[in-house]
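Given the coordinates of chain A, work out where chain B with the ligands should sit on it, guided by the hints.
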Amino acid sequence: MDLSEKFVKGNGTFVDDIHMPGMLYLGFVRSPYPRAKIKKISGGITHKDVNFDIAAVGEGSEEEQTFSSTAHPVLAKDFVGYVGQPVAAVYSTDPYEAEDLIDSVEVDYEPLPGISDPEKAIDFEPINPASKSNVIVDRYFGKEFPDNVGDVVIEGRFVNNRIATNPIEPRGIVTAYDGDKLTIWIGTQSIYSIKSGICEAMHLPAEKVRVIQTDTGGAFGLKGGLFPEYVVAAWLAMKEKRPVKWIETRREHLMASRPGRGAIAKLKLYADRSGKIKGLKGEVLVDNGAFTGGSGEFSPAFIAMQLAGAYHLENAYVRARSVLTNKAPQGPYRGAGRPEAMFFIEKMMDHLADKLKMDPVDLRLKNAAEERYRSPLGFEVEPSKKFLEAAIKETGYRELSKKYNTGFSFLILYHATSGGESARIQVKDGRLKVWIGGNAHGQRHDVFSKTLINEELGVDESLVDFQLGDTDQIPAGIGAWGSRSAMVAGSAVLMAARMLREKVEKKYGKYSLNHLLGEEWDAYHNFEYSKMESSLGVNVVTADVDDLGKVKIRDCISYYDAGRVLDPANAAGQIAGGSVQGISQALYEELAFDEDGQPLTSSISDAGVATADLLPKFTIKYYKSESTLPSKAKGIGEAPTIGVPIALSRALEKAMGREFNETPIRPELLLRETAVQ
Amino acid sequence: MVENRHISITVNGERKEADVEPRMLLVHFLREIAGSTGTHVGCDTTNCGACTVLLDGRAVKSCTILAVQADRRKITTIEGLSKEPGKMHPVQKSFVDNHGLQCGYCTSGMIISAYWLLKHKKNVSEQEIREAISGNLCRCTGYDNIIMSIKDAEKRMEEEGDTLEEEQAVTVRK
Ligand code: FES
Ligand code: FES
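Residue numbers (numbering that gives the first Met the number 0), protein chains in the order written: chain A, 0 to 676; chain B, 0 to 173.
Just chain A, with the same shape it has in the complex (with noise of 0.2 angstroms):
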C-alpha cells in the first residue's frame, strides 16, 4: 500500500501501536531539581542495577573526542545535573500502574545552586564533580589579526534560545529478548546510531542485537541518537525475558529530551567604507546542558566553521566553547549548528549594511564569493555570486523591498553528506524490496528511491516495496539528518540498482526487465563519501507589525539550489514544513528556565509550535543546477530553518525600526511606543 494511504486510513505501526503478550511498561522517577546530590534512593530500578553511561552516537559524533568524565549516566549516580534527568525506573504489567510506582520511589536529595546561564555558567562553580570547570570545550579558529583592518567596525550580541524539537510523536521504544538476541523496534533517524550505542553503552556484540524501525512520527534531529529510557528499556527486556515498552510523554520531552539552539555569539565585522569585509573576530558560546552525549561538544566548532557564511572573507578569529549548565544536554533540531552561524553573520551584515547607509542586499553582492576558497575558520565556501544574482532576480526582492518590509537571508548549507549511505535491492517473485541506510521520518524517501529505481532499472515504481530499517536486512548505514539523504542515500540507491543490471547482464549479455523479475537477485551497496557538500539558499520574507504587536507575515520566498530536485511535491513539503519553523522559531518558540534551571515550559503550545491559523502562503524556486553525485540532487532539508528567521527578523526589524538580535523575538518588542501610550 502506499506510504500516504496507509497513513490516512490510520493502518501506520509506530512503536507506541505495537502490542505483544506480556509486555512490560516502563516509567521513570525523574529529578526536580536543576542540581542536587543525591543522598539515598529506595525503590526501583537504579543506577546499581544498570550502571552504563550513554554512548554518544549519530549526528556529528565521529568528529570529536569523547568526554568520559561528563558523559550521561544511564541513571543518576550521586548526583543530578537537570531536572527530568532520570534518576530510577519502575514497571508493570499495566501502563496506568506504571506510572503510580513512579511515586513509590523515595529519593532523597540535597538540592544545590544550579545555573541555567550559559554566560555565567562559565565562572560559576563546576556543576559535575568530575570536571574542575564549566567549560569542556575551548578552541580557537583562524588567526588575530589588527583592528585597524577595517574603517568601520560594527559588533553585537546574538542568541538563539533553546527551542525543543517536537516532533508530533514523541520518543519511544520496544525491547525484547529471546535470551540469545536483543530486538529493538523504534522510531528512528538511524538504526545503526540505536544498535551501536546500546552495543557500546552494554558492552554487547554487534551479532546480538538487531534493531528494526517503525513508522517514525517526525524526528528533527530527535530521533538520531541514543538516550537513557532506551538503554533501561534493553536491560529490561534481557533481565526479565519479557517485552518492554517505553513511550516518552510530552512533559518528559519538554524536559528531558534534547532541545536544539542554544547558542549566543559575541562578534565584531571590520569593513571598509565601501562595504568590502575585512574581518570577523569574536566568540561562540554554545549551551552544552549537564552531560555530553549530545551534540554540544562538537556544535561550537561546527558553527564557528561556518562563520563566513557564503561570503569571501580574508581575516578571521573566532574563539568557539561550549559550557555545562543544569539543564539536558543540547541535541540538534533541523540544522543543528547551521542555523546558528548564518543567524550571526547574516545579522551583521544587515547591521552592517545599515551602518554604510547601502540596501543590504547590494552589500552582499560585494561580498559574495566569486571563487571557491577556504575560509580562515575552516569550510570550504563556495563560489556564491553567480547565485546570488540570480537570487534576487528571480524573488523579485528589488520591487518587494520599494513596497514592504523585507527581509533578505543568503546561506550556504553545509550537507552531511560524508560517511556516505548504503543501499539494498532484493528481487524476489517479481517484485523489488528495497532498503536504505538512514531512515526516513517524513521525507520520503520511498519516492526518490522508486524514481531512480524506475530510471536505472524501468521497473514500474508498483512493483517496488521500500521496506522500513532493519540491521538484520541491511548490514551497515549512517543515517537521515543534515539534508543529506536525497544526495548519499539516493546515489546509494542508484548505485545498487547499476550492480542488479550489472549482475543481469554479466549472466546474459544484456539486461533485460524480465530477466530482472523472472530471477532472484540482491545487491548491497555502500556509497562511500568522504567529502562535505554544500549548496546555497536565499530567503526573502516581507512582514508587518499591527498595532497590537501581531505579526502579519506576507511573502515567505524561498530560492534555492537543490541541485536535480528528484521529487518536487516531497521536496515542495520540507519547504514549507521547514519555513513554519523557521518563522516559530522566529516568534514564538523557546524553552525556557529560570536562573537555577528549573523549567518554565510545560506544554507543547508553550513551547511555541505554530498552528495553522496564522501563516503565510509560500512561494518556491529553484536555481538550476546539478551535484556531482550520482543521483544529481543537492539536499535541501535545513535551508529554510536557516533561513526564514534570519529573513523574517530582519522583516521585522524594518517595520519596527529596531534591531532584533534573538530568537525568539519577544512579543513585548513588537509593541510601538505610540500603542503602548
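Each statement offered as a hint is correct.
Partial selection, computed: residues in chain A whose CB lies under 10 angstroms from chain B: (1) ASP214; (2) ARG249; (3) ALA575.
In short, the hints are calculated from the structure, not lab data. Cβ coordinates follow ideal geometry from the N, Cα and C atoms, glycine included.
Relative to the frame of chain A, chain B with the ligands by itself:
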C-alpha cells in the same frame, strides 16, 4: 482502590465492552481495548489534536475524555471514517492526492477535524479552515498542503453528495 466499571462503547459500529478503571482515558480505551491504533497521542495537555475522534458525530480530543464518559456512546475513529471498508473517504483521498501529510502522525486527528468542519459548514474559507484545525498541531507540513487537501475534500464531498449534518448537542456525562 476505586472499583473498575463495566462499559460498552460502539467503536466504528462495533460494540466494545470492558471493565475499566474509572481514570482510563478514552484514547487509551480506543487504542488498547478497541485496537484502534490509528488514534494517536501527542501530548498531555490537550494541545496537539493527534487523538481527535468523533463522539456521537462530534469532533473531540479523546485524551481529555474518560472512557467511562463515553459509555453507551458512539465513536468514529480514522479507521471507521469511510463507509465502505477498504476504501477511502473523500477527505482521506484528498489528503493523499494533495500531499497533506509527511510523517503521518498528526494525520488521523487532522482528517477527523477536517471531516467535522466539512460536515457542518458550506463554502469554507481558507481562514475558516485554518481556525478549524488550529487545535491540531503538525510539525512537518507547514499546514499549506493540509489546507489544500481540505479545500479539495470539500469539492469531492459535494460531488459525491456527502451532505451537511445537523449539529448534535453533545453533553459529556461527568
Ligand atoms: S493527545 Fe490529545 S490533544 Fe494531544
Ligand atoms: S505530518 Fe508529521 S506531524 Fe503532521
